[in-house]
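Sequences are here, hints too, so could you generate the full structure?
From first to last, the protein sequence lines stand for chains A and B. The first sequence begins at 1 in our numbering and counts up by one. The second sequence begins at 1001 in our numbering and counts up by one.
In short, the hints are calculated from the structure, not lab data. Worth double-checking, as some hints may not be accurate.
[Claimed, not checked] Derived coverage of chain A by chain B (criterion: at least 3 residues anywhere in the stretch with Cβ under 8 Å from a Cβ of chain B; other residues may be distant):
| no. | stretch |
| --- | --- |
| 1 | 113-124 |
| 2 | 228-242 |
| 3 | 311-317 |
| 4 | 324-331 |
| 5 | 342-349 |
| 6 | 353-365 |
Values in this document were obtained by computation on a predicted structure and should not be read as measured data. Virtual Cβ for every residue (Gly too), placed ideally from N, Cα, C.
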Amino acid sequence: MNDKYPPIVDGKSVYDLDSQKYLKMWQGPQHPGVTGNMSLELDISGDQIIKCNTHVGYLHRGFEKLMERRRYINCFPIVCRICVPEPDTNEYLFAAATEELLGVEIPERAKWLRTLDLELSRLASFFMWIGGQSGAFGSGTVAQWSIAYRDYVLDLFEELTGARIYHMYMIPGGVRGGLPEGWIQHAEKVLDGASKLLDEIYYVTFHNSVFKSRAKGLGIITPDLIDRFGVVGPNVRGSGIARDLRKDSPYLVYDQLDFNIETETAGDTYARTLVRWKEMHQSISLIRQIIMLMPKSGPLYTTLPNVLHLKVPAGETYVKAESTRGEYGYYMVSDGSEFPRKVTVRGPSYSHGMALLEHLAVGVNIADTHGLMISLHTYPPEIER
Amino acid sequence: MNKIYEDLSSRFTLSDYHQQRDNLAFVTVEKAQLVSAITYMRDYLKFTHLVLMTSVDWLEQGKFQLTYLLHNYELHVNFGLKVMLDRDNAVMDTIHHLWGHARVYQRELHEMFGIDFPGSPGVNEPMILESWQGPPPMRRDFDTKKYSEETFDHRPRQHVEPEDYLRQNLYPED
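Quick look at the structure:
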């Protein structure tokens, strides 16, 4: 045992903050580690963390409480605000849960458009993340490139849905509109640029000795931690386990698309970064496939009765989708009235950002905390809702 | 799905089985048997992933419904175990020894619904609502409007029309 660490008595580390050997330090709520506000209460010895406590609650807006008093269609503008950089997963899951309880089947073309929207939002969210990841290790250049390029993806969203951030595109029953004229040509241009930019990012990031020396060996997720902390998504794929909801329990039209689950074996920050970088290429390829295969005509939505007086039959369901962080789920309970009895959002950041981070942060340098946090890809609004 | 249900029902007292989809089912377990049922499912039926833990407030029946949703990575199925608790005496056994993130869920349930999990580490610490004085806010009998009227002072609206503001600044004599 390193003598930097305090002695352990009865399973708890004992240290005296007054001895001036240990120091308590707060990181956050505003810091480069996460997209959102979340703070870490660190006990440090030298520059190593010996204990980490996460504090959330800076973004609590009580969405689940608000949804209890609103009709299903009124909940729609609320759910997308649960995750700012990737709101479409929330829209899709809320719509899918409502449709399942109503027993509504959506048209084929709406399924393809929903998949297109989900993949585009995955790409936009990854662009946000890769800027933070390399920025946390001191390479601000990549952050400038990627955040700037994300705006071109948001332009595509604006053309398709009319909004840049909160699209509210997937209404219960289908989608709001089809592809506008010229959208495919614009998308081709943006996707070509994106894959070129990704190759440049590869050379700047993964061939960079600073990035390699800091990211390799940082925050290793060993296989025994995976089930204990409920690790999902790219974090688990970075540890060599091929789990992806799009393959394992396909939803929408993912079973008709051609893609492989990307994995790496090391389980550290470097491996997770590489997995996500590969998934960005995967998203680009999936968007191209969707554009090629999707039906060009057909109905966009199933007509529902007046949504303001919609009564959903009593029942409960759980729907899930693969977001950029892993399994995102909605658990919805209806009591047969016009209002949802309870909607619970299962954000992947819930397990990654709290319990797992507190476990992994021990022994990490202060300077690497941000790199570790963002390599787990935490969006705090999912934790507190 | 039915096989899992038969296996479980031969060991535990179950009721209210409901299969929602091919890969999703819910069943109600007795309160005293929940932890052993969930341990059995984790260790023998390979439901190794705790997806979520949540509570539904059935105010009319005076019950809390606790839902534990589990996932099996080999069969790719979800199974939800439900427990009904009395609202007046909402105490449940902890499962933090089975999953690391269960203690975070239990901490949130304690804060939001007032369901106690004795023995769960840090369950009494505030998680989201630091320095909250009122009753647990996610209970259905918690009246948000009444609480905010009683707790916070009314601040009179200070609104000035831009037109009036400009006129006062540009032509104070008028």
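We went through each hint and held it up to the structure:
Three residues within the 8 Å Cβ limit are the bar, and the stretch 113-124 of chain A against chain B gives 0, so the coverage statement is violated. Judged by the Cβ-Cβ criterion of 8 Å, the stretch 228-242 of chain A is covered by chain B as claimed, because 4 of its residues qualify and three suffice. Counting residues of the stretch 311-317 of chain A whose CB falls under 8 Å from any CB of chain B gives 3; the rule of at least 3 is met. Coverage of a stretch by a chain is defined here by at least three residues with a beta carbon nearer than 8 Å to that chain's beta carbons; for the stretch 324-331 of chain A and chain B the count is 3, and the condition holds.
With a threshold of 8 Å between beta carbons, the proposed coverage of the stretch 342-349 of chain A by chain B holds, since 3 of its residues qualify and at least three are required. Residues of the stretch 353-365 of chain A lying with their CB closer than 8 Å to a CB of chain B number 4, which satisfies the three-residue condition for coverage.
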